[in-house]
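Trainee: Going down the list, the protein sequences come from chains A and B. Residue 49 in full-length UniProt numbering sits at position 49 of the first sequence, with consecutive numbering throughout. Residue 46 in full-length UniProt numbering sits at position 46 of the second sequence, with consecutive numbering throughout.
No lab work stands behind these hints, which were simulated from the structure alone. Treat the hints loosely; a few may be bogus.
[What the hints assert, rightly or not] Straight-line alpha carbon distances no greater than 35 Å define the calculated DSBU-like cross-link-like pairs of lysine-lysine that follow:
#, chain 1, residue 1, chain 2, residue 2
1, B, K282, A, K135
2, B, K146, A, K47
3, A, K113, A, K126
4, A, K28, A, K47
5, A, K126, B, K282
6, A, K32, B, K127
7, A, K47, A, K135
8, A, K108, B, K127
9, A, K14, B, K332
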Amino acid sequence: MRLITHNMLSCNIKGVKNGFPLKIEAEKVIEKEVDFNPDFLRHMFAKIEWKALVEAARSMGYAELPEDSPDATVIESADETFLRKLHHALLELHLEEGALVCPETGRKFPVNKGIPNMLLHEDEVKQTVCIDLRKGNEPTRIRSPKDRVLMQDVCIDLSLQVP
Amino acid sequence: MKATLAPSSLISLPRHKVSSLRSPSLLLQSQRPSSALMTTTTASRGSVAVTAAATSSVEALREGIAEFYNETSGLWEEIWGDHMHHGFYDPDSSVQLSDSGHREAQIRMIEESLRFAGVTEEEKKIKRVVDVGCGIGGSSRYIASKFGAECIGITLSPVQAKRANDLAAAQSLSHKVSFQVADALEQPFEDGIFDLVWSMESGEHMPDKAKFVKELVRVAAPGGRIIIVTWCHRNLSPGEEALQPWEQNLLDRICKTFYLPAWCSTSDYVDLLQSLSLQDIKCADWSENVAPFWPAVIRTALTWKGLVSLLRSGMKSIKGALTMPLMIEGYKKGVIKFGIITCQKPL
Numbered sequence: 001m002r003l004i005t006h007n008m009l010s011c012n013i014k015g016v017k018n019g020f021p022l023k024i025e026a027e028k029v030i031e032k033e034v035d036f037n038p039d040f041l042r043h044m045f046a047k048i049e050w051k052a053l054v055e056a057a058r059s060m061g062y063a064e065l066p067e068d069s070p071d072a073t074v075i076e077s078a079d080e081t082f083l084r085k086l087h088h089a090l091l092e093l094h095l096e097e098g099a100l101v102c103p104e105t106g107r108k109f110p111v112n113k114g115i116p117n118m119l120l121h122e123d124e125v126k127q128t129v130c131i132d133l134r135k136g137n138e139p140t141r142i143r144s145p146k147d148r149v150l151m152q153d154v155c156i157d158l159s160l161q162v163p
Numbered sequence: 001m002k003a004t005l006a007p008s009s010l011i012s013l014p015r016h017k018v019s020s021l022r023s024p025s026l027l028l029q030s031q032r033p034s035s036a037l038m039t040t041t042t043a044s045r046g047s048v049a050v051t052a053a054a055t056s057s058v059e060a061l062r063e064g065i066a067e068f069y070n071e072t073s074g075l076w077e078e079i080w081g082d083h084m085h086h087g088f089y090d091p092d093s094s095v096q097l098s099d100s101g102h103r104e105a106q107i108r109m110i111e112e113s114l115r116f117a118g119v120t121e122e123e124k125k126i127k128r129v130v131d132v133g134c135g136i137g138g139s140s141r142y143i144a145s146k147f148g149a150e151c152i153g154i155t156l157s158p159v160q161a162k163r164a165n166d167l168a169a170a171q172s173l174s175h176k177v178s179f180q181v182a183d184a185l186e187q188p189f190e191d192g193i194f195d196l197v198w199s200m201e202s203g204e205h206m207p208d209k210a211k212f213v214k215e216l217v218r219v220a221a222p223g224g225r226i227i228i229v230t231w232c233h234r235n236l237s238p239g240e241e242a243l244q245p246w247e248q249n250l251l252d253r254i255c256k257t258f259y260l261p262a263w264c265s266t267s268d269y270v271d272l273l274q275s276l277s278l279q280d281i282k283c284a285d286w287s288e289n290v291a292p293f294w295p296a297v298i299r300t301a302l303t304w305k306g307l308v309s310l311l312r313s314g315m316k317s318i319k320g321a322l323t324m325p326l327m328i329e330g331y332k333k334g335v336i337k338f339g340i341i342t343c344q345k346p347l
């Protein structure tokens, strides 16, 4: 997993408000050379969450990025020193083995052979149910607006979210 | 492998049958014993424990899908290459296509989908793309190259994710595309980060269409486009409550082999998008444009190479291959439709 990817991933566990950025526990980091493409970097720069990238790069052993995001003049200038550092951090560092950790819950998402597994467990996923009066207190899952319309006369409270 | 997968059967749920169809017993039968039912109690309106039966069969479906693709992706790639979706053909084309003709048709499917969604004119704006149900990354790599954009793909199958990453590296695209194991119903992304949300023949696997669409919309950036290309069942006529029993039966038989939950129609997707206030919603029936695909897949399966590979690949592939004629039957009889639905998220 490269840091350009990490910069987009967040923790989706129900109830989590601040699931980004994921902390990195690095067990194995490798470097793979990638062709330098300044135009691509300039194109992508605006979308990068800078603090998250700096912190993540540090977790991977690279501390060359400035704390603060440089302004547009540095990006657009002919001097490519900064862009080369960005290139290295964003595209050439790979987390092969380790984990991504939710900043709020501490839940670890494993990274094996460079691939993060972001699947949530059953108990981490929110369900929407209503109580179907025709079935006593048995909850029925609401999956669609159609379900809502169909159930509205026979259900209590169509907004229940199951933890 | 996509070819051996039954087309996602989308069953229009008849209105009066919705609640029963939603019950766990009608979700995909899992191969594993479901976990014991949890107690269902209503302590108060705010806290309800849902039965585990419903959730564990969804878990089982997810595992089934992952295992299916773990087993069959290699076989598909060997015979058909890295695009795990239908080709787009001119209707009634009677030309017997070569293998490369079919591959071109698969590329054309991507281009036609982008064009239908109105994306091609907006190339500069596409910086980040998500490929939901990315297979071994064919679409991702193609789209990333085309737009010079960053593309991230998600799949339930670790085997597919690994292969997708390896192919990206081999094509020197590692800096532009990456793949992870994640659930389309719980996408591990912040809201609103993707300029293009791409779902090419993965919607058929989603047990909760509403949640699936909600997630696609959530991760789309304001002004971003969503493209869903998927297998549906035919739209119901006004006043029609459900598919005919024989139609549902056909779809059920396909569901089992290919790990597909309940089907829905193209109209159902449009309804969902409308309910979420998306704009510029468009849909089309491309069934005629994909008609040559399944016969071609069957032909390749019946070659010497195909048969040997199938036998090597395992039971899931074999069962899948045996189900392929049902796909053709479904299309011929107008039960199965190949649909595209696109829209734009408001600014």
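Trainee: Name the hints, by number, that the structure is in violation of.
Mentor: 1, 7, 9
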